[in-house]
Each structure stands twice: as C-alpha cells, then as structure tokens.
Amino acid sequence: MDRELKELYQQVILDHNKSPRNFRKMDNASSTAEGYNPLCGDHIDVYVLVEDDIVKDVSFKGEGCAISKASASVMTSMLKGKTKEEAEKLFNKFHDLVTGKLGNDLDTDELGKLAVFAGVQEFPVRVKCASLAWHTMMNALKGKQEKTTTE
Amino acid sequence: MNRQPAVSELTKQKSYDVIKIRDDFPILKIKVHEKPLVYLDNAATTQKPLFVIDRINKYYSTMNSNIHRGVHALSGVSTEAFETARIIVKRFINALGKNEIIFTRGTTESINLVAQTYGKTNVKEGDEIIISHMEHHSNIVPWQMLCKEKNAKLRVIPINDNGEIIYEEFEKLVNEKTKLVSIVYVSNSLGTVNPVKKFIDYAHQFNIPIFIDGAQAVNHLPVDVQELDCDFFAFSGHKIYGPTGIGVLYGKVDLLEAMPPYMGGGDMISKVTFDETTYNELPHKFEAGTPDIAGAIGLGAAIDYVSKIGIENIGKHETELLEYATKKVTDIPGLRIIGKAKEKMSVLSFVLENIHPHDIGTFLDFEGVAIRTGHHCTQPVMDRFGIPATSRASFAMYNTKKEVDVLIEGLKKIVEVFG
Numbered sequence: 001m002d003r004e005l006k007e008l009y010q011q012v013i014l015d016h017n018k019s020p021r022n023f024r025k026m027d028n029a030s031s032t033a034e035g036y037n038p039l040c041g042d043h044i045d046v047y048v049l050v051e052d053d054i055v056k057d058v059s060f061k062g063e064g065c066a067i068s069k070a071s072a073s074v075m076t077s078m079l080k081g082k083t084k085e086e087a088e089k090l091f092n093k094f095h096d097l098v099t100g101k102l103g104n105d106l107d108t109d110e111l112g113k114l115a116v117f118a119g120v121q122e123f124p125v126r127v128k129c130a131s132l133a134w135h136t137m138m139n140a141l142k143g144k145q146e147k148t149t150t151e
Numbered sequence: 001m002n003r004q005p006a007v008s009e010l011t012k013q014k015s016y017d018v019i020k021i022r023d024d025f026p027i028l029k030i031k032v033h034e035k036p037l038v039y040l041d042n043a044a045t046t047q048k049p050l051f052v053i054d055r056i057n058k059y060y061s062t063m064n065s066n067i068h069r070g071v072h073a074l075s076g077v078s079t080e081a082f083e084t085a086r087i088i089v090k091r092f093i094n095a096l097g098k099n100e101i102i103f104t105r106g107t108t109e110s111i112n113l114v115a116q117t118y119g120k121t122n123v124k125e126g127d128e129i130i131i132s133h134m135e136h137h138s139n140i141v142p143w144q145m146l147c148k149e150k151n152a153k154l155r156v157i158p159i160n161d162n163g164e165i166i167y168e169e170f171e172k173l174v175n176e177k178t179k180l181v182s183i184v185y186v187s188n189s190l191g192t193v194n195p196v197k198k199f200i201d202y203a204h205q206f207n208i209p210i211f212i213d214g215a216q217a218v219n220h221l222p223v224d225v226q227e228l229d230c231d232f233f234a235f236s237g238h239k240i241y242g243p244t245g246i247g248v249l250y251g252k253v254d255l256l257e258a259m260p261p262y263m264g265g266g267d268m269i270s271k272v273t274f275d276e277t278t279y280n281e282l283p284h285k286f287e288a289g290t291p292d293i294a295g296a297i298g299l300g301a302a303i304d305y306v307s308k309i310g311i312e313n314i315g316k317h318e319t320e321l322l323e324y325a326t327k328k329v330t331d332i333p334g335l336r337i338i339g340k341a342k343e344k345m346s347v348l349s350f351v352l353e354n355i356h357p358h359d360i361g362t363f364l365d366f367e368g369v370a371i372r373t374g375h376h377c378t379q380p381v382m383d384r385f386g387i388p389a390t391s392r393a394s395f396a397m398y399n400t401k402k403e404v405d406v407l408i409e410g411l412k413k414i415v416e417v418f419g
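In order, the protein sequences belong to chains A and B.
Using the numbering used here, the letters of the first sequence map in sequence onto residues 1 to 151.
Using the numbering used here, the letters of the second sequence map in sequence onto residues 1 to 419.
A few of these clues could be false.
So, partial list: chain A residues that the calculated Cβ filter (under 8 Å) puts toward chain B [as the list claims (entries may be wrong)]:
(1) 14
(2) 36
(3) 39
(4) 41
(5) 42
(6) 63
(7) 65
In case anyone wonders, no lab produced these hints; they're calculated from the structure.
Heads up, the beta-carbon is just placed ideally off N, CA and C, and yes, glycines get one too.
Build the full structure now, drawing on both the sequences and the hints.
So, in structure tokens, the structure goes:
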C-alpha cells in the first residue's frame, strides 16, 4: 500500500471502523446532536450524558466512511470522564491536527490516541469526514439544536 | 479567411480502434499517484479530444469577436462559426429547424428555462407535473420550485428494485391536471435506459408535453428528436467530449414561440424603447447576453468527432465494457450492484458490504483509478435503495477492458484491507 494511504488508513483506524466503540443509542442522554455531511450523505447522532460538568458517557450512531466512523469511535473512547472544558480543548487539538496546523513536529505523547489521524491532513477532501463527529459532539455539549453540517 | 477544420480532417475510422481513440485524448497519458490514469468518471464529465481543444484554441487565436450585428470581418467569422455549431447540433439530434436549438449553460439551465417560462405560463394552482423517482436533482428541484410558487403538485413515478421506472404507475398518474412530464432518458446513477418513446406517446394521447433529460443519453445512443416526438430535450456539452459551460435546449418551434423569454438583455431583443421591448425571433429570444461562443464551437467540434467514430459504435464498445465489468465484479465478495435494469448503459453503480464508498474512492485513487462516490445528485434513488451512497464506475469511448481489470484488482485489494 502507498505510504500516504497507509498513514491515512492506519491499523487502529481500520480496527475502530470494524468494531466501533460506544456505537449505540443512549436512552438517558442529557443532550444529543445530529451531524450531516451533504457531500457524501454521511449522518451521525452523538449522545452525551453530562453530570456536574463532567462527561459521564458519550456514544454515537450513524453511517459514514472508515475515517468518520473511527474518528467518532476514538473520540468517544477519549472523552469519558473529561470536563466540558477539557473536551473542548481536545476538540481544538484534533481540529488543528487534521487541518495541518500542528505542522510536522507532532508531539505524539501529547496527542495520545489522536495521533493516528495525523495522516488526514494530507487529504484535504477527507478532513470533513474526520471532524464531523467532533463538531457534532461540541454542539451536543453546548446543547445546540440545529443540525451540524460540514458545509 | 479562417475556416473551422472540416470533418474530413479526422481520420476515417474503419473498425473500432480504442488505442487510436485514446491517442486523441492528451489527458489519458497523465499519471496519478505515479500510476497511469484510469478515468472511469465519465458520467460526471468526459475528457476532451485534441480535435475539440484545437478548435477552441483556433477560435480564440484567429476568430475571437462578439457575434451578431458586428460589421467588421471578425464578427462575421465568429457569427458564422457560432451559427454553424447550431446547425451541427440541429443535425445531430435531427431537429426540424435550427431555430429549435437554444444554447444554454447545460442541461440544468435548459430545465430551469422551461420551468420558468413554459412552466410559469402554463402551470396553475392545483395542476400536476410528473417526474420519475430516478431523476437527477436538476430534474427535480426546478419543478419543485415551480410547484411551490404555483401551488401545484409534483407527482413521482416509482421505480422497482432493478432500478426501472414502473411504467404502469405512470399511466395511473396521468390525469386532466397533468401539465407536463419530465423524464430522464439514461439514469446517471443507475445506468437505466428508459423507454422514453412509450412515455412520450402516452403523454401525447392527452396532449401533455414531455421533456426528456438527455444528458446521459446523447453520448451513448443515437437521438432523433423528431422520431421521438418529444416536446423538449436537453443535454450538456461536457458529457459528450465537449467543453463545460455549454449545453442545449431543444424545443418544438410552436412551443418555443409561445413561451415568454427567460432572461432579458442584449441579443434577445429586436427593438427596445423605455416604453416597450419587442423580443427577437427564435432562437435568439432565449439567448440573452453574449453566449459561450467558444463553448458552442467546441461542442460542434465534439459532435463532429463522435459522429465520425459513430455513436452506435461508441455505445456498442461501452456496452461490451459494462458487460465485462458486470461479470468481473461477481468475483468480489460482498459487492452488490445497484441498478440491474434490463436496458442499461455505461454505468456500474455498486456498494461493498461494510466498506464506505468514500474509502473505496480514496483507495482506487491511489491505483490511478478515478471513479465517483456519493449520491450522484440523486438522493431519492439512494433513499429508494436504503443506502447513503454508491461507488460508480462509468465508461466512455476510450476505456478498455484492461482498465476494467485495474478497477477490479483495486477493489480486491480494498476488500483485503478492510475485510
């Protein structure tokens, strides 16, 4: 497989795509948001349960490509137990990573699980796939009702 | 005086020589991700032969001038070249007269033109317009906008699981309120070739005019608008190896005469005062402003080019490729073809179990293979089949079986990686 392609579709991403974590509807969610990518018709629902400013639980349902599904799966696995402020910080970090704002010198320790998405910056058309779940999650945290779109 | 290159300058095509045809298309020699380009996104747009590129180049290098009403030499040359292109289109679809050929920006504009002129004058509150479930958004939205404005109703003929229009349902939908029918000839997302003649004849029993969206038809099969007897017909230049930004609306002369203008401006008038404007005669009434002169000339060149090779020959070649590809993909585990119409052309739409079309598209891109992934501007079709998107390989005159093999090998690799 081509190097760039291999970096985009890392084993971790393929694994999360195949068996996504927290892939379920949450009945006791304190807030949900719906995300939509009109470019490809991808659709995601993100559920959050926030208690005392802490994300107690987060899950998602929907359809999308490997990048968007893995991104949602990794996101949910990282957010549990974080405060809303910490979640927003992670969102910003992720956004900077996939849009190439962090440059080449990536601190993989600091990025943690997010580092597997570094390859996305080489594929500008796929940035929207990677960030849909995160934007939708932010809207859920903020309690925004309107549908998130990537356009 | 500079003349356009004559058709006779094209090499005579004795038998179908795909290698020779490929040589006419400079872009087919480029590499993508260091692999030879395998261009299978022809239903989105086709590549351009040097014959077309050269004629556009020649126009700008030696003829460029605004058309009509100029008294200087160049204006005469460009007007003649532009009007010659109209005659080429007229002959190509066998319209009765060249005044029935309106140059537009493309099929989308042609449909909007009819919706906003014929539609606005003839569709009243409570009336109905019939389309099918497999229409491109461009043959849905203009009618939807019109219906909303007029408080009219859009009726949709359902399709079956093979992706064919259920003809009997069409007959049931036609009633005294029906003011217009608009149907696609060849579906861009399913490849289905609709028996449009049957629809036209039935609509005419009730004096209902019918619009045929020919965007995916003219490049695959011969079209004779008089034989079809359709009232309107539209296609785009860029899907038949011509430039983008130019398209055609054909309309029967009596219908076009009765329609009000679409846009106001220069060229569409014969006399203007502040009190009143007298509109120009056909086809100029519908061509306000300076048109895409080079585009029209390029389209003329494209039609000359395909006519020399022969639309029937092209269609036959593409059908062979489609049959070959359809057979070959059965080897791929988890692959399901979307659109299994008996009459089908040039389009292979499919889904792979648990693998999203966008991932397929990115993977194939690294094999040099360009396909389209998504809803193909036919979201109702995707909804009908309960899928968000498909992968679509679409064939043109220059594609080869070897290229189909590259596609198949690419798909096998994807299944391996994701499986």
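Okay, the hints, checked on the actual structure:
1. This hint holds: residue 14 of chain A has a C-beta 7 Å from the nearest C-beta of chain B, less than the 8 Å allowed.
2. Restraint check, residue 36 of chain A versus chain B: the minimum CB separation of about 10 Å is more than 8 Å; hint violated.
3. A hinted interface residue such as residue 39 of chain A counts as satisfied when its beta carbon comes closer than 8 Å to some beta carbon of chain B; here the least separation is about 7 Å, so the hint holds.
4. Taking 8 Å as the C-beta cut-off, the interface hint given for residue 41 of chain A holds, the closest approach to chain B being about 4 Å.
5. About 6 Å separates the beta-carbon of residue 42 of chain A from the nearest beta-carbon of chain B, less than 8 Å, and the hint is met.
6. With its C-beta approaching chain B no nearer than about 5 Å, residue 63 of chain A sits inside the 8 Å limit, and its interface hint holds.
7. Using the Cβ-Cβ criterion of 8 Å, the hint placing residue 65 of chain A at the interface with chain B is satisfied: the shortest such distance is roughly 4 Å.
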